[in-house]
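So the protein sequences, as listed, match chains A and B. For what it's worth, our numbering labels the leading residue of the first sequence as 1, then goes sequentially. For what it's worth, our numbering labels the leading residue of the second sequence as 1, then goes sequentially.
In case anyone wonders, no lab produced these hints; they're calculated from the structure. The structure displayed is predicted, hence computed values, not measured ones. Every residue gets a Cβ at the ideal spot worked out from N, C-alpha and C, and that includes glycine. Heads up, some of the hints might be wrong.
Stated by the list, open to error - Quick list of in silico lysine to aspartate or glutamate cross-link-like pairs, DMTMM-like style, CA-CA up to 20 angstroms:
1) K267(A) with E178(B)
2) K339(A) with D33(B)
3) K267(B) with D111(A)
4) K266(A) with E256(B)
5) K267(A) with E350(B)
6) K266(A) with E350(B)
7) K339(B) with E302(A)
8) K266(A) with D97(B)
9) K306(A) with E302(B)
10) K266(B) with D111(A)
11) K362(A) with D167(A)
12) K267(B) with D36(A)
13) K339(B) with D75(A)
14) K267(A) with E256(B)
15) K267(A) with E325(B)
16) K282(A) with E294(B)
17) K267(B) with E325(A)
18) K267(B) with E46(A)
19) K306(A) with E203(B)
20) K339(A) with E203(B)
21) K332(B) with E256(A)
22) K332(A) with E109(B)
23) K306(B) with E46(A)
24) K267(A) with D343(B)
25) K266(A) with E325(B)
26) K339(B) with D322(B)
27) K266(B) with E46(A)
28) K267(B) with E272(A)
29) K266(B) with D322(A)
30) K266(B) with E203(A)
31) K266(B) with E324(A)
32) K267(B) with E203(A)
33) K267(A) with E302(B)
34) K339(A) with E324(A)
Stated by the list, open to error - Covered stretches of chain B (chain A as the covering partner; in silico rule of three or more C-beta atoms under 8 angstroms from a C-beta of chain A):
35) 25–34
36) 81–93
37) 162–175
38) 303–312
39) 347–359
Chain residues, written in single-letter form:
Number of protein chains: 2
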Amino acid sequence: MPTVDVHTHVYPPSYITLLRSRTTVPYIRNFPDAPDSARLIILPGEDAPTAPGTARGRPIGPEYSSIAHKLAFMDAHGIAASVISLANPWLDFLAPDDAAAAATAINDEIDALCAAHPKRLFHFATLPLSASAGAVAAEVARLASSAVPHCRGVIMGTSGLGRGLDDPALEPVWAALEEAGLIVFLHPHYGLPGNVYGPLAGEYGHVLPLAIGFPVETTIAVARMLLAGVWERHGRLEVLLAHSGGTLPFLAGRIESCVAHDGHLKKEGRTERMRSLWEVLKKNIYLDAVVYSEVGLRAAVEASGKDRIMFGTDHPFFPPLDGEETEWLSVKTNYSAIKQAFDGDESAAEAVLGGNAARILKLDL
Amino acid sequence: MPTVDVHTHVYPPSYITLLRSRTTVPYIRNFPDAPDSARLIILPGEDAPTAPGTARGRPIGPEYSSIAHKLAFMDAHGIAASVISLANPWLDFLAPDDAAAAATAINDEIDALCAAHPKRLFHFATLPLSASAGAVAAEVARLASSAVPHCRGVIMGTSGLGRGLDDPALEPVWAALEEAGLIVFLHPHYGLPGNVYGPLAGEYGHVLPLAIGFPVETTIAVARMLLAGVWERHGRLEVLLAHSGGTLPFLAGRIESCVAHDGHLKKEGRTERMRSLWEVLKKNIYLDAVVYSEVGLRAAVEASGKDRIMFGTDHPFFPPLDGEETEWLSVKTNYSAIKQAFDGDESAAEAVLGGNAARILKLDL
């Protein structure tokens, strides 16, 4: 069974040009104290003027936009096919009037990249979320048509139309996704407010926002969808969660218990009609295997099922620090977690490495 | 082997009097729209004037302060001994001049309650953290003496002396705890800023702050201690983490990977000298078993070891909503998780239910 990477990003050339044209986050710039290194600044607060060069964003090279680099990375890591997606923050920051055309252009640009590499590249498309629910639903319908044949779902952040994924204004979007049968790849970007990391956070590089802020953002977003009843109304809506669900497999029990013990929810009559998070994890949610440990991966498997977990790399993020290794530590760690979690169950390992993705995303490999 | 509850709280009578005397969080009050129900308001923002009665804090009755209620709860749930602790927010809010005397008085008051019920009650004491590191260290030394014979450790929030647990000003406190051989029971209280839960959060009761804010607060606090090198300097410092480590067992792999891939940390020379989180989990950290699922509990066991996990209830929080059941759902859920996680390994289940606590906390049962 070929290995499939479902969590792998690209900023196509037109998006790089867009980032280079900007002067506020997100943007790409060469800074005076590190003039030889173009830095990609995407996270809120990453461009604090007091941050030294190595704490500000990350170096950006051709691996972020070049499909040749993507294919070389895939070959070096035994990856047969990749389902590529625009990386965060997608088009969230565009002016409403620009978003719809930009989404169509980017989605067509990425679909053409996939067309040039048949059976090797597929993609999750991008939505014009700063426009309107109607514009988003229209692009969803287009993505499901033969106009965008390599599209296998959409990637989405947690801000929705600006007010989060529990926003009732998203109803037409969820309905359109359900109707189109397109999976939502839910991915964090906004993290947590910087002050939660304390006054010394600047000394810790990006560890706390990336290691904790990202997965917690995903966790909160899904909990809000659950509490708002999104899956009660859209029982066929399927969501692939980045980073093995953030922290959901571990916290699902606590979330369920807090729901069951909340006097206010009970008085409002919400408790009974709310769907069980455990059931949603097994029926509506898929998880990637980007969790960097067999401990986390086993919890993900127990929460969602070994037929619902899919290998990923997060390429081109988390490259080797010295830039020398062909085989990336971040990828090796996730391969090793799969090997350990499925020791003695070769067919489950193969399913997670590629079989699940091929079946769930209908990939012709 | 008797069952021991290491996560069980009490607000002794003097603390209840203190809360009733206050008019800002934390406090106890009867509100005009629910005059018959005294409400305990302890979490930040829980007293929003727009919140309806059932969304504001929680009803408080004698179960929060009465040892007779604690013992009846223990009897109803087969708990032989409890290591009681003052519940959040402890003495964090006291004026610096008042804190030291209040800590001594409360610790002596709770120790006397334990003395009245030999072999059934022990306690984690409270520190005067709003005072000074010196005052805290002095109380730690007193707690280790024969003056407070039933003390088996200290309970602590994540704010430390006001700037978090990575604050260098805490060095004398960590040193005193190490010297005294007292375990720190690290417990959340402050959660996350309310805006992370979105504009509809008021409709979801306390679910998001309790189910996600609490465990994430613990996770961030421990990550900050690790990044600040607390365990490099205090190799014997032992910490018991509430709620099975927040989310640490699940996120440890991601945290380790983010450390290993952080260019800034590497440039600063921190990466090499930092202790592995996996190693700290197995050598310095203990976890309670308050995680409400066998999925979470298995991850906790894999992260820290079955000899380092200890049963807990979080009593008197999470009572049955209708107030009728003798056996609490929240406790049954955690008992059931232990039964399922250790199916076929009776000795491990007994260790988690009581043996580990007896050994680690030196309880004469």
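Violations among the numbered hints: 1, 2, 3, 4, 5, 6, 8, 10, 11, 13, 14, 19, 20, 22, 23, 24, 26, 28, 33, 34, 35, 36, 38 and 39
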